[in-house]
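So the chains spell out like this:
Protein chains: 4
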Amino acid sequence: MNISPYCRNIYYYETDRMDVVSHTNYIRWMEEARIDFMKKTGIPYHEIEKSGFMLPVLEVECKYKKSLTYGDSFCIYSKITEYNGFKMSIYYEIYNKETNELCAAAKSSHCFTDKNMKPLRITKKAPELHEAFIDAMNVTFSK
Amino acid sequence: MNISPYCRNIYYYETDRMDVVSHTNYIRWMEEARIDFMKKTGIPYHEIEKSGFMLPVLEVECKYKKSLTYGDSFCIYSKITEYNGFKMSIYYEIYNKETNELCAAAKSSHCFTDKNMKPLRITKKAPELHEAFIDAMNVTFSK
Amino acid sequence: MNISPYCRNIYYYETDRMDVVSHTNYIRWMEEARIDFMKKTGIPYHEIEKSGFMLPVLEVECKYKKSLTYGDSFCIYSKITEYNGFKMSIYYEIYNKETNELCAAAKSSHCFTDKNMKPLRITKKAPELHEAFIDAMNVTFSK
Amino acid sequence: MNISPYCRNIYYYETDRMDVVSHTNYIRWMEEARIDFMKKTGIPYHEIEKSGFMLPVLEVECKYKKSLTYGDSFCIYSKITEYNGFKMSIYYEIYNKETNELCAAAKSSHCFTDKNMKPLRITKKAPELHEAFIDAMNVTFSK
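Chains as they are written, first to last, in our numbering: chain L, 607 to 749; chain P, 607 to 749; chain G, 607 to 749; chain F, 607 to 749.
Next up, chain L with everything else stripped away, as it sits in the complex (with noise of 0.2 Å):
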């Protein structure tokens, strides 16, 4: 499957004093792209909480390489790098979508749980599920 990078404007709101992007909204950003990629992966994540399960975020790690401000665009590729129906890990890479310099890597960890947050394994509770994800580590982009 081919689709394409999570890409969008910078809100004004999202700037901070220093004049660039504050690194709080940059793990909002990733929740955005995450999302983004489930849907474009046939996996819309609305979906995923109307069958009953959640996949909260277990771990967000962040390294911030070049700044953003208003004016700038930005793109995010996101790959899944660890899947096992149970736990799921996320690598994305953002970058200024007009210099096309990578501006920070990050990475996000999740487990599957039921809506009252306990953790389950979906290879057998949603084997459909399970298997868009599967199909979802082959993901490639287009520019």
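Among the clues, some could well be false.
To be verified - Sample of chain P residues at the chain L side, in silico, Cβ under 7 Å:
id, residue
1, ASP625
2, THR630
3, TYR676
Stated by the list, open to error - When the alpha-carbon atoms are kept at most 35 Å apart in a straight line, the in silico DSBU-like pairs for lysine-lysine are as follows:
id, chain 1, residue 1, chain 2, residue 2
4, G, LYS671, L, LYS671
5, F, LYS721, G, LYS646
6, L, LYS730, F, LYS672
7, G, LYS685, L, LYS703
8, P, LYS672, P, LYS731
9, P, LYS731, P, LYS713
10, F, LYS646, L, LYS672
11, P, LYS724, G, LYS671
12, F, LYS669, L, LYS669
13, L, LYS656, L, LYS693
14, F, LYS645, F, LYS693
15, P, LYS669, F, LYS645
16, F, LYS656, G, LYS731
The hints are simulated quantities; they were obtained by calculation from the structure and are not laboratory data.
Virtual Cβ for every residue (Gly too), placed ideally from N, Cα, C.
Given the coordinates of chain L, assemble chains P, G and F onto it according to the supplied hints.
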């Protein structure tokens, strides 16, 4: 009843590249101040929610007079200006804590609803809550 | 001039525990829509800033009619309702993109200032900008 | 030196539709706690900025263990784990104030720069600031 205003420092991430607090955050501060006011007047908002009621926002309004930035602190004085068991309006004055200048004047309107966002009158459904709101109208502030 | 409205998906982190978009985010959306509107009408806001002008917010107002939540998309139609080279007011209608229901109606007022937040009149200081704002008052929307 | 942890209530708008605090806000709390820690140890961050230095974030990391929601309060214990006049790392433990459970463990890395974001060593450029950071490494917490 005599209560203290809601005061706190400004967070770095609340500023934007104009080097002042983003005007969008004042609406969040109003929510913080409203909840603090209700707690201090004996009507903690999460108790209201536990009782099955909600108090969604119907309308907000904010007039910006002086900017605030990182390094400043603010104090908010809240006042219930209308209450009839069905709807409620709150008026807020946001001051720079150091200079005592009025930085913004704001208003929010609310109605009472059940868990499904259906409007209701609490006068008889929750007479103690109703009394508490009546009392809260007479609150004064100690500095 | 005929432009498109400002539309986007709702982000997960924009919801709150009432399971709807926090009312505080609508004020941010107004900023996004305003900047998008100015870009589409040929007055990109970061160019205004580069020219040494700013357009701080004097007042905002928002009436909430229908809630939105994660999974929904919105479209915002912006309209300049007042402009005199010194002050400007914008009126916004926020629609649920799928159902086409009006979810909120809002207003913001602004004045032009220099870099030090001192108010000024752009009529003669920036005649081209002034013309662009006059033109922007006659913009219509294509769906 | 003996200081108090950074504690505060959770704001309503910090929750998301999972009915817990959005994981993205922990990164903001780290910034709040870091600035509070620096203030309490005699290195107020806005004084650092006034002296012409900045301390941008190179990297953040956060492991989520227990969720928090509206109605809860948290306390953050910050600790400088690395400092050499050029780079600094801080480790954070975020506790539920009532239950005393560890809710998250996090880390941020920073470097010192001038106003133009050019990295520099403060050892000789700002010897008093350097001493203050050395002292801050030995801070302990009173409950």
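Here is how each hint holds up against the structure:
1. ASP625: 5 Å, holds
2. THR630: Hint holds; P:THR630 Cβ to chain L Cβ min 5 Å, cut 7 Å.
3. TYR676: 6 Å, holds
4. G:LYS671 to L:LYS671: Measuring from Cα to Cα gives roughly 43 Å; hence the hint is violated.
5. F:LYS721 to G:LYS646: 34 Å, holds
6. L:LYS730 to F:LYS672: 27 Å, holds
7. G:LYS685 to L:LYS703: 30 Å, holds
8. P:LYS672 to P:LYS731: 42 Å, violated
9. P:LYS731 to P:LYS713: Given that 35 Å is the threshold and the Cα spacing comes to 26 Å, the pair holds.
10. F:LYS646 to L:LYS672: Given pair F:LYS646, L:LYS672 holds - Cα atoms ~31 Å apart, limit 35 Å.
11. P:LYS724 to G:LYS671: 13 Å, holds
12. F:LYS669 to L:LYS669: 15 Å, holds
13. L:LYS656 to L:LYS693: 19 Å, holds
14. F:LYS645 to F:LYS693: 19 Å, holds
15. P:LYS669 to F:LYS645: Holds, at roughly 32 Å.
16. F:LYS656 to G:LYS731: 33 Å, holds
Checked against the numbered hints above, the structure violates hints 4, 8; every other hint is satisfied.
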